[in-house]
Amino acid sequence: MARMILRRLLLLVPILFGISIVSFVLIALSPSDPAEVAIRVNAMVPTPELIAQTRHELGLDEPMLTRYVHWLGGVMSGDLGRSYVNGRAVAAEIAEAFPATVYLALVTLALILVISLASAVICARYENRLPDKFVRLMIFLTSALPGFWAGLLLMWLFAVELDWLPTSGMRGPESVILPAVTLSLAYVSTYARIVRAEMIRTSHENWVLFARGRGLTDARLTVHVLLNSLRGAATALGMSIPKLIAGAFVVESIFAWPGIGRLCITAIFNRDFPIIQAYVLIMAVLFVLFNLASDVFVAWLDPRERGG
Amino acid sequence: MDPTMKSLSVCALACAAVAFSLTACGDKNSAKVPQKNSLNYASMKDIRNINPHLYLGEMAAQAMVFEPLVINAHDGVKPWLAESWDISPDGKVYTFHLRKGVKYSDGTPFTAQSVKQNIDAVMANRTRHAWLDMINEIDRSEAPDEHTFRLVLKHPYFPTLIELGLTRPFRFISPKCMKDGGTKDGVSCLAGTGPWMVAEHKNNQFAVFKRNEGYWGAKPKLESIRWNVLPDPQTMLLSLQKGEIDLVFGADGDQLTSDAFDKLQKEGRFAAVVSRPVASRAILLNSKAPITGDILVREAIQRAINRQAIVQGVLNGRETEAETLFAKNVPGCDVPLEARKYDPAKAAEFMEKAGWMPGADGVRVKDGKRCEITFYFNSRNTQEKTIAEAVQADLRKIGIDMKIVGEEKQAFLDRQRTGKFDMQYSLSWGAPYDPQSYFSSWRIPAHGDFQAQIGLADKPVIDKEITTLMTEPSEQKRKELTADILKRIHDSAVYVPVSFSRTKAVHSTALYGVDFAVSQYEIPFEFMTFEKPAQKK
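Protein chains in written order, with this note's numbering: chain A, 16 to 323; chain B, 410 to 946.
Hints listed in this document are in silico derivations from the structure and should not be mistaken for laboratory results. Ideal placement from N, C-alpha and C gives every residue a C-beta, glycine not left out. No false leads were slipped in.
From the structure, some residues in chain B lie toward chain A, with a derived Cβ separation under 8 Å:
{"id": "1", "residue": "Asn458"}
{"id": "2", "residue": "Tyr464"}
{"id": "3", "residue": "Leu465"}
{"id": "4", "residue": "Thr536"}
{"id": "5", "residue": "Arg537"}
{"id": "6", "residue": "Ala539"}
{"id": "7", "residue": "Trp540"}
{"id": "8", "residue": "Leu639"}
{"id": "9", "residue": "Pro640"}
{"id": "10", "residue": "Leu647"}
{"id": "11", "residue": "Ser648"}
{"id": "12", "residue": "Leu822"}
{"id": "13", "residue": "Pro854"}
{"id": "14", "residue": "Ala855"}
Taking lysine-lysine and the BS3-like style, the derived pairs with C-alpha atoms no more than 27 Å apart in a straight line are:
{"id": "15", "chain 1": "B", "residue 1": "Lys868", "chain 2": "B", "residue 2": "Lys896"}
{"id": "16", "chain 1": "B", "residue 1": "Lys697", "chain 2": "B", "residue 2": "Lys868"}
{"id": "17", "chain 1": "B", "residue 1": "Lys454", "chain 2": "B", "residue 2": "Lys611"}
{"id": "18", "chain 1": "B", "residue 1": "Lys454", "chain 2": "A", "residue 2": "Lys258"}
{"id": "19", "chain 1": "B", "residue 1": "Lys697", "chain 2": "B", "residue 2": "Lys755"}
{"id": "20", "chain 1": "A", "residue 1": "Lys258", "chain 2": "B", "residue 2": "Lys611"}
Generate the whole structure from the sequences, applying the supplied hints.
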């Protein structure tokens with residue numbers, strides 16, 4: 016197990032290296048001149064002299080390889096560079112948006128787990144009976160709603176009509192509820208379905224019959240069946256968590272949530288390459304780490320997986 | 410209860426408790442601001458960095474905190490931080506007599522020395538401001554005594570006072586906020602002389618402006634303004650309905666589409682107001698492109714577009730129909746120009762004169778080539794898409810097949826810079842920038858205006874006249890030059906005038922005093938109040 020973790024961590028170095036080169040090259044192929052974009056975004060007039068000066072200030076007049084080496088050197092020493100558009104340190108920009116996103120992601124994750132596991136257990140227990148059909152219908156309906164529409168509907172109902180919650184922004188602890196519910200809708204159906212199918216399959220296994228024969232209570236048996244049905248969901252969750260942390264632009268925009276999704280999409284629109292580059296790098300690290308964590312979790316659940 | 414369900418309920422409750430405890434980690438400092446004396450304003454953008462000498466922040470926020478020597482009013486330039494001024498007979502030396510007793514919000518007195526320091530800070534970053542011709546005309550500045558400031562120019566430059574009154578860069582920040590005596594590398598505080606002070610700013614979330622209690626002029630009636638960042642226009646409208654937001658204020662449909670504005674106005678729950686016409690909305694016809702390069706085709710398009718139908722049908726009659734690029738009330742623009750009226754029959758004649766004959770499918774052909782052109786626009790602007798569709802139908806009637814391509818904003822701007830378009834939108838900057846700063850920008854290759862004009866035989870003449878105009882001391886000659894530039898541009902048929910745009914505002918009916926500044930980029934918060942004004946007898 017320890018060897019597997021070490022090997023995967025070591026693998027992270029070439030992965031990051033590769034990703035950084037690919038993203039750097041892809042970004043450099045963009046037809047827009049980031050210096051001119053930065054000037055326009057700030058409502059300045061892109062005179063040829065100003066474009067030249069800005070290119071020089073941003074180091075864009077140097078060859079791509081030099082820029083890459085420069086950037087890589089900075090990253091090694093913990094400096095992610097400065098935003099082309101507002102001149103602020105990229106690390107500071109990300110550090111500001113990150114907590115909001117992590118906070119939203121954690122609440123969303125808790126909701127996903129509560130709703131999807133509860134739904135899966137109900138569905139599996141009442142397989143093909145009314146509760147199962149009802150829960151599946153609800154999940155189907157909610158997951159079919161596009162995020163922006165669901166978000167606006169929820170906002171209209173709970174914030175405007177019922178006046179229970181604020182519409183948007185980070186105005187208080189209750190502000191997170193609507194964006195988290197909206198964000199969780201898309202995930203709940205996936206997990207509920209995975210776990211439901213797995214639980215139904217597991218419940219027909221011999222050991223369940225044996226356990227039932229031994230007089231195990233229904234509650235304990237359900238817990239055992241549930242634990243033995245989490246493998247698929249855990250692997251999928253390993254990818255969902257970084258996806259949640261990667262930020263949800265639509266939900267963050269609708270609910271004016273100051274997270275990383277908005278930061279990154281704005282950076283893409285503004286061709287703010289240092290922010291995009293840092294974002295890609297951080298997301299790569301998160302995806303690799305969470306993938307590893309889910310493998311470790313699966314190994315913990317199922318000893319047969321521990322061989323690596 | 411079934412034991413399974415019981416254990417599940419316990420499990421669910423535990424998870425819900427975790428979720429709830431996580432919600433408690435939120436930001437507790439930003440509770441709702443009391444409504445009575447505080448205004449909640451919604452903007453799609455954060456105020457960002459409002460250093461008055463840079464271009465990194467929202468202009469409306471910069472104008473709340475920092476003030477100029479003179480201001481642009483509807484009836485011309487008026488004194489502000491300067492009580493009066495003298496101009497030397499040769500037009501090169503401007504002497505300003507500063508208002509006494511004014512202080513920056515950090516307590517530093519507003520003196521001629523501090524004005525000089527600010528002007529020097531701006532000049533130290535000359536390239537950044539080079540779009541303003543004035544920057545190149547400033548020779549030096551002097552502070553002969555505490556309340557006299559002198560600006561010496563290289564040539565007499567007529568828009569000097571207007572440009573000193575712009576939102577940026579000639580506004581004043583306390584010298585104590587400067588870094589190494591300048592502002593180009595940032596500032597350490599945001600102390601201006603204006604009616605508002607920044608009390609709190611959370612990036613991408615909100616900014617709170619408090620009333621400057623030491624303000625030299627009429628103090629704002631409201632105690633504070635909360636500038637809320639709401640990137641989504643739908644959310645903005647829902648927040649307005651809920652009462653979280655008191656005011657939405659927007660130039661050119663970016664925050665308020667015409668449809669949303671109309672709906673709110675009809676509902677009657679909010680007050681919806683529009684400014685007087687501020688800027689010119691036009692369509693550029695590229696004089697360098699293969700088909701629109703022919704002036705006869707441009708003349709045809711000018712007459713084929715039913716702008717009245719666009720103004721009434723698409724813009725819901727909110728804007729005024731434009732027959733010329735600039736309205737007659739724009740300084741120097743009351744020039745006799747023959748308006749091109751909607752006349753599809755005459756448009757068809759022009760097409761035939763240009764050699765484009767009707768084809769089998771109704772689209773004209775010339776030398777075996779179909780008359781196909783493309784109109785590019787920023788895909789996020791739904792209003793522009795609808796206008797383009799109306800134009801498409803109009804052009805189809807005279808046998809022009811116009812395609813509409815919506816592009817991501819940057820791609821659209823890249824296209825503008827490279828001149829690879831037949832048709833594009835153009836929006837002038839509005840008062841007080843029109844016409845001089847807008848003219849000046851026509852000389853910049855990255856602008857669509859430059860690219861659309863470059864195929865004109867007299868483009869060098871137009872550019873030269875613009876350059877001469879800026880430093881022409883004689884008012885009569887300036888009038889003649891402006892008239893000539895406008896005539897050449899009008900005759901070239903490069904701009905299809907559509908309408909004169911207006912700034913819109915929607916606000917709670919409990920809010921009074923909502924008005925518009927001369928510049929569409931500023932918001933006069935200082936006159937707004939929740940106190941009902943006394944009825945005039």
